[in-house]
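With the hints as your guide, set chains B and C onto chain A.
Below are the chains, spelled out letter by letter.
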Amino acid sequence: MNDTTGPGDDVQLITLDVNGTSHEVITAPRRTLVDVLRHDLRLTGTHVGCEHGICGACTVLVDGLPVRACLMFAAQAEGARITTVESLADPATGELGDLQRAFTAHHGLQCGFCTPGFLMLAQGFLAERPEATKEDIREVVAANLCRCTGYQTIVEAIDACATARRSQRATGAEEESCN
Amino acid sequence: MTSAKDDRLVGRSVARREDPRLLSGRGRFVDDIELPGMLHAQFVRSTVAHGTITEIDLSRVRQVPGVLAAFTAADLELGDITAQLGRPLSEFVPTAMPILARDRVRYVGEPVAVVVARDPYLAEDGLEAARVTYAPLPPITCEEQALAPDAPRVHAEAARNTLVDVGLFATEGIDEIFDRAPCVVHVDVRTGRQNALPLETRGAVARWDDREEQLVLHTCTQTPHQVRTVAARCLRLDERAVRVIVPDMGGGFGLKCVVGREEIATAAAALRLGRPVKWIEDRKDALSASFLAREQHYTARAAFDADGRILGLDADVVCDMGAYSCYPFTAGIEPLMASAEMPGVYKVPAYRVRGRAITTNKAPTAPYRGVSRPQYVMAVERLMERAARELRLDPVEIRRRNVITDFPYTGVNNITYDPGSYLESLDLCERAVREAGWYDRQAAARAEGRHIGIGYSCFSERTGYGSAAFAQRKMEVVPGFDLAEVRMDTSGAVTATTGTISHGQSHETTMAQIVADTLGLDIAKVKLHQGDTDRITYGWGTFASRSIAVGGSAVRLAAGKLGDKLRAIAAAEWGIPPEETELDRGRVRRRDDPDAALTYEHLADTAYLTSHLLPKDIDPGLTATAVFDVHNDGTFSNATHGVVVELHEGTGQVEILAYFCVEDCGVAVNPQVVEGQCRGGIAQGISGALFEQITYDAQGEPSATSFMDYKVPTAQEIPEVVIHHLETPCAFTATGAKGAGEGGTIGAPAAVLNAVNDALRPTGVELDHTPITPETVHRALTPRTPEQTP
Amino acid sequence: MKPAPFRYHRARDVEGATALLAELSDEAKVIAGGQSLVAMMNFRLARPGHLVDIAGLRELDHLGVEADGGLHIGALTTHHTVETAPADRLGAGYEVIRDAMRWIGHLPIRTRGTVGGSIAHADATAEWCLLAVLLDAELVAHSPRGRRRIPAGEFFFGYYTTALDPDEILLEVVFPRPAPHAALTEFAERRGDFAIVSAAVDLATDGEDVRGGRVALGGVAAMPVRVPEAEAVLAAGGSFRDCAEAAASAVDPPSDAGGSGDYRKHLIRDLIERACEEAMSR
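Chains as they are written, first to last, in my numbering: chain A, 1 to 179; chain B, 1001 to 1790; chain C, 2001 to 2282.
None of these hints come from the bench; they were simulated from the model.
Each hint can be trusted.
Sample of chain C residues lacking proximity to chain A, with all beta carbon distances greater than 10 Å (derived):
#1 Leu2024
#2 Asp2026
#3 Glu2059
#4 Asp2136
#5 Arg2148
#6 Phe2157
#7 Pro2178
#8 Ser2255
#9 Ala2257
The following residues of chain B were derived to be distant from chain C, with all beta-carbon distances above 12 Å:
#10 Pro1098
#11 Ile1174
#12 Trp1208
#13 Leu1428
#14 Asp1440
#15 Lys1525
#16 Arg1591
#17 Gly1764
Cross-link-like lysine-lysine pairs, in silico, DSS-like; alpha carbons within 30 Å at most:
#18 B:Lys1711 <-> A:Lys134
#19 B:Lys1525 <-> B:Lys1561
#20 B:Lys1616 <-> B:Lys1561
#21 C:Lys2265 <-> B:Lys1711
#22 B:Lys1711 <-> B:Lys1284
#23 B:Lys1561 <-> B:Lys1527
Glycine included, every Cβ here is placed at the ideal spot set by N, Cα and C.
Same shape as in the complex, but just chain A (with noise of 0.2 Å):
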């Protein structure tokens, strides 16, 4: 319903891979991304809180690397891989993901508004970095903005999801070598 285009602008079609879902938007091009996968996709999971990169709070993955989608246009990201936060929990059960627990356990949110830009910028982190320090966290978590939580248990949350997935993997690898 969002009639995205007037006279003055260009319109093209453009097809968007979210969540491996392959989706079609008729676009203009000055559309940022963030706007397109909010209003026309309908994900409304990423926010929007300052449209110049700084706050974070519309931090996606792109082809599995936080980025900004305020700082990028929807026609930019043709051909790439674009997660949000609506891929983190089980798709059939809706059951949370270890880092979405981990954020819950240590009460890593509060307004909750910017909270999927820290998930996305942990999870593309963490994928990168399994064996990142608490010091490595905190420093990739001044990224993002939080007005509510004094970042120290986001810091924790994502401290702990690591430590899980190390101990997880650890324990993973000894069965293999057991077996």
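For chains B and C alone, kept in the frame of chain A given last:
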């Protein structure tokens, strides 16, 4: 009458009910609302700080592709927002805030016209086509200009740009006390103008519902009923014809507890166009043109005896409220809060205060988390430190000698303080700092020429203001009570509805904990509804750390009444008096026969589906409502904060090495939630002490329109906080809880400032203005060359 | 904060990109990572009529030491790629470049922002610009008139202005020789912000002692600058502190919202000394 003590949820860190949807992107915030045919509004805003509008030409706006309409004040004919105090004109001058500026603009960013288009991009194209001409007037951008005898006036009716001028207290003979005192210390404290900065900006979606004959206004506000009242008046509708619904809200911190102009203009546009209209404030507008906060100036002195006991406090407070009084609190909120409560945790025998609110050509202000308390605590705590230095006393010891220890205590400010742990928190905080080795490390660092400082702040925070306390301020709109409804359906599930509205405070969890305990019910069976004006008659929303103390008490009472009714129905079935029954884990039991029990489902069936079985004196249905108000001076949470900082000589950077907080908010309904409030509050207090500020240049242009200029600190700047809890239950709230929302923000700036000054001690320089920037610290640390010394 | 309308063009190859830029002239802007440009467009401080997206030119995404011994970094290489480059691709002696990346914004900016974009944008405090000036990099540019190599010392003209023609795009940056004893450091009130002052040094040593070196500063002028007065101190065997003091005396930094000129001089003293120590400890 409830389940066994060890089953109780109050006092436990129950997992948050809010989390699953917020963590999986299924929260519903105002910008997530999409309605068929919805249009998008943005505002043409003043580009001058002060001026007369000579012409508004929107003809080209209306020709922009995709723009459907553009309205000025003259097109919409809306009523003004006017906040009133019941005080004589000599003490209070009201200011009418028009929804859109009519002939005069008073700050850069003031809304002048609203543009409605098919999408937000096109709406911004429309803004660019607007032509507004102004005849500029001289802008008033600081206190000194505002108070000058011949100053131009921001509002014609306000001489010397003074909106509030009240002397609440003046102990007789106070001048003589100061004249005779062995020690008198002075302080000049200024705090920068801040933005409360919820990460979600303001916004609204408005539509007319033909069937209900109602305007439905979805908006992120902390005070939905007040928005309803004002919107109805401005739009000239019966209040019944306005329904305000608050979706998930991304923080508020006070910025969203006042009624804004844009949501009402958005509603007016929706009514005019007969289509839903959405307005989402962008960050640029949110930073500079919404509601700001905090800019105050304290000129204060305190008299002490030779042992360090305070003899008197004498203060002049000037609060720069910007262009208009906010609704419902008025420009009186800040100076009157400071005036009433400045003696704080100390036994002050003599007190004089003058509190003023001035109006300037800056964005108006809202009562930001802490409201004047971060500032007056800073002033008083600096006075304590100065006196300690002068009298060669330990800074903790001088506080020990002055904090209130006998409760209830009625102060020189006519406030009666309920029991707290002022001395205990102070002692415990100092011990925590000492045991962590910071005094030793400080001594070692000083020997190496490094600058480590330790600072404390000790304060109490009045929470749970009832209508009596607000009425004392002479507000004409008097907040205070709150209302709750608790109902049970035939499945035994319970819905609680409140007049408070959570926006991060976890009420869906904490209120449910209270209901579950009261009714002896599984928490999964309890759902909270909040923020819908059609679901509850009236409420005062969430601000002033009132929700658990006042709203939670109302919920507790309503749940209790519902429990009584369940017992009455069961007792009737058994033919015994209700007193011989009790609630226990989803059933009513007979006290005399533990095996005899009736389930809530069974009793609900009776109440609704087979009500003919009920005795005549029991009405069908299972609904209970309760009102709670506080009829005394409220309840006081308290805390002591201890901070260790290091000043880096090379850069002037202030690094926080350690942070300790000992807090007492009575019964903590959910300790994890309380800790979250503390940590978040402390982060905001540190932000004000060291980072955030919006300044205005001589033309009245704000310095910050982006996050590059407005420096919200990140995880690299905010330290970990060690929290200790004390618990002095409140005697008169229904749960024993006191408020916990603001304390962190109140205590942090003073503690940080004291720590910085402790680190600066060898230099002889003292800093009393916030934010303390690295450059200021650098100047303080740089030894003056002989020619610079006078 | 929504950008003004523009037409979007996706370049298929370098020739096509520059031909299109030539045709559209002033109306067009090149977009790569867009981390500065899109923010400016959202504020409508930039409003190009056309965007030419060169992100698809994968041949510009490369990093490695080539036969000439220099480290060649393609214009489309992201800060993050440089930051995480394995030692064998980065080459010995170029660690200063990798380590400088942590000063650029934050991770989600570094994953999109590119080397070429940063240099072409020419912010006065940008780390890439400072490194280019410090290490005598050459900027390889291409236009319909052909390819040219521009020494960094002749590339930056002032705030956001460079030697690039409107129809010219950067292909790669070449750092000609290793700088084993070099370091970059900076200060901002908040981590990740644009620096108030940034300092970088490249020390020449005989294995044990400093025999000279290069000193460059960002945030003290309209573009990064070398400081010959400070370099003279190093060449004469002076201390790091004297070198820092000479740099502070030599420049006349601006006073603005970021800090006064005097404060910047103070930062210069601290940062250069620290950069020298860090460079020596490598």
